[in-house]
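Visitor: Residues per chain, in single letters:
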Amino acid sequence: MFKSMKYVLHENFTNLYRIYSISKYELLADMRDSKLGLFWNFANPVIQVLTYWFVFGVILEKKGVNGIPYIYWMLGGMVVWFFISPCITNGCNAIFSKVNVITKMKFPVSILPATVVAKELFNHCCLMLILFVLFILAGYYPNIYWLGLIYYLSCAAIFSISLSMTTSVLNMMARDTRKLVLACMRLLLYLTPILWNIPSKLPKMIKMILKANPIYYIVQGYRDCFFFHKGIWAYHNYMLVFWLITFVLFAFGSFMMYKFKHKFIDMI
Amino acid sequence: MNTQYAIEFKHVSKIYSLKSKDKKNANDKRFYALKDINFKIPVGEVVGILGTNGSGKSTMSIILAGISEVDEGEMVVNGEQALIAINTGLNQQLTGLENIELKGALLGLSKKRIKEITDGVIEFAEIGDFLYQPVKKYSSGMKSRLGFSINLCLDPDILIVDEALSVGDKGFAQKCIDKMTELKNEGKTIIFISHSLPQVRDFCDTAMWIEGGMLKEYGDIDTVCDHYAEYVDYYNKLSNADKKKERDDKFEKRIIPHKHKNFFERIFD
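These protein sequence lines are chains A and B, in that order. To convert, count from 1 in the first sequence and add 1013; that's my numbering. To convert, count from 1 in the second sequence and add 308; that's my numbering.
Heads up, incomplete: computed chain B residues facing chain A, CB under 7 Å, no partners named: (1) Ile375; (2) Ala393; (3) Gly416.
Capping the alpha-carbon separation at 20 Å, the derived lysine to aspartate or glutamate pairs in EDC-like fashion look like this: (4) A:Lys1119 <-> B:Glu377; (5) A:Lys1119 <-> B:Glu388; (6) B:Lys445 <-> A:Asp1043; (7) A:Lys1037 <-> B:Glu406; (8) A:Lys1119 <-> B:Asp379; (9) A:Lys1274 <-> B:Asp379; (10) A:Lys1119 <-> B:Asp463; (11) A:Lys1272 <-> B:Glu382; (12) B:Lys419 <-> A:Glu1024; (13) A:Lys1272 <-> B:Asp379; (14) A:Lys1119 <-> B:Glu409; (15) A:Lys1276 <-> B:Glu382; (16) A:Lys1276 <-> B:Asp379; (17) A:Lys1274 <-> B:Glu380; (18) A:Lys1037 <-> B:Glu409; (19) B:Lys419 <-> B:Asp463; (20) A:Lys1274 <-> B:Glu377; (21) A:Lys1119 <-> B:Glu316.
Rough simulated footprint, nothing fancy, chain A against chain B, three-plus residues with beta-carbon under 8 Å: (22) 360–374; (23) 402–411.
Quick caveat, the hints were computed from the structure, so don't treat them as lab data. C-beta atoms are modelled at their ideal positions from N, C-alpha and C, and glycine is treated no differently.
The following block holds chain A by itself, in its conformation from the complex:
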C-alpha cells in the first residue's frame, strides 16, 4: 500500500515539467479548436450562473444567506464547482484519452490525472480573477482571509487528483465508469449545498451526511474566505473528515495505478 503511494508520488514529482507541458499544450489545442478560443472558458460558466440565478434568485426568490445577497453567495461557492466538476469528468477519461500515447511509448501513466487538474487550474485562475473584480465592485474587499483560498484550492486539486486516480483506472477496465460519473455529476451538483444553504430544520443525521461531503467542505471554505471570515480552523471536524476521505481515495487510487501500470495497454 505505502509502496504504491510512494511510487505514484515519486512519479508525479519527478515529472513536473512533463505535467506542465502536457497541460499547456492541451489547453492551447483546445483553444485553437474553436474560433473564439479562450472566450468559451468564461462564457460557459457565466451562462450557467445566470441560469441558476434566474431560477433560484429571481423566480424562487431565494433570500440571501447571513445578509449576503443570493447572487454573490452562490458565486462564491459556484466558482469552485466550475473547477471540480470538469476535473472529475475529464479526470475519469484521463488515461483513456491518452491511449495513443501510452501504447506507443514508455510513459508514466500515473501523472495523467494531475495533467487534467493542472489544465483546469488555469481556467479556474482566470475565473477567479473575474470574480475578484466583481466582488471588489460589489464592495467585498480583499483581506487576509482571502489567502485561505489558496489552501482550499489545493484541497480541491488534491481531492480531484485522488478521485481521478481511481476513476481513470476503473474507466480503463470498463468504459461504463465514465458514463456513470457523467450521470452522477448532475446529482452531485444538487446534492451538494452549492445552490442552496442547508436548512436548519433538517434531521441531524441528514445534516451530518451532507456536511461530510468533501466537495461541501471546499465550497464552504471558499465562502468562508470571501464572506464569513471564520478561518480555516473553525471547521476542523470537517477538515478531518475531508482529509480522511481524500487519503483513502488516494491510497486506493495509487494502489490501482501501481497494480495496473503495465496492464493498461492490454485493456483497450
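Please build the complex by placing chain B on the supplied structure of chain A, with the hints as guidance.
Guide: Okay, now just chain B, sitting in the frame of chain A:
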C-alpha cells in the same frame, strides 16, 4: 547480469484472452501472442524481425520497448530503449514546432534538451515553413516525417523501428536508413521490424523470423531471409483450403483454455 547483451529474452510469453463465440460459455480462451521465446541480442547488433501478418511482430515491438509487460518468462534489457513509431503524440491543432516541444515533453526530456534537438528535427523533417502551420494542414507524408524525425533525434541506446519506413517517399526512406546507419556506427543496437525483405537484407546484420508467435529462426541475415522468402512462396502457392488449414493449425497451437475472471477478481487477485 551480462552487459554484452542489449536484450535478453528468457522463455518469454505474452498471453491475450479471447472472447468465445457464444456468451454463455464462461470459459474464454487464452491465446499466446508470443510463446516461449528465447534469444540474446548483442550490443551494437542490427536485427531485422520478419514475420507474416499476425505472427506477433507488433506485440514483440511493444514488449521490447517496455510498454507492455511479459506474462511469463523474463526480459533483461541493458540500456534505454525507444520505440520509433509514426504519428504518436502529434496533436492536430498545434503547429509543427509546438508538436516538437510537446512530444519532447511526453518523452520526458528536459526543456534544455528539447531546445537542443529542435534544430536537428526541423532540418531532418524538411518541412520548411509548414513548421508554423497546424499539423492538421500537413500532408500524411509530412506528418510521418515530423513524427519520425523527433524520434530519431532522441538518441536512445536501443532503437526499435516498427514498420516506420513504409510511409514517406523513397528519398526520405533513404535518409532514414542513412541516419540509422550513422546510429549503427555509433554502436547502437537497432531492432528493425519490417515486411520489406530488401530493406531488411540491406540494412541488418542478423534477422529473426517469428511465425505463429514462436521464434522460428534467429541467425545470419541471408540464411534467415532466404528461408523466410521460401516459406512465403510456399504459403502463397497453397490452395485456399490448404492455407486455411495451415492457419488453423498455427492458431490451435497458440490456444490455452482459461477460466474467465470477473471484474472484482481482476482488481483483487
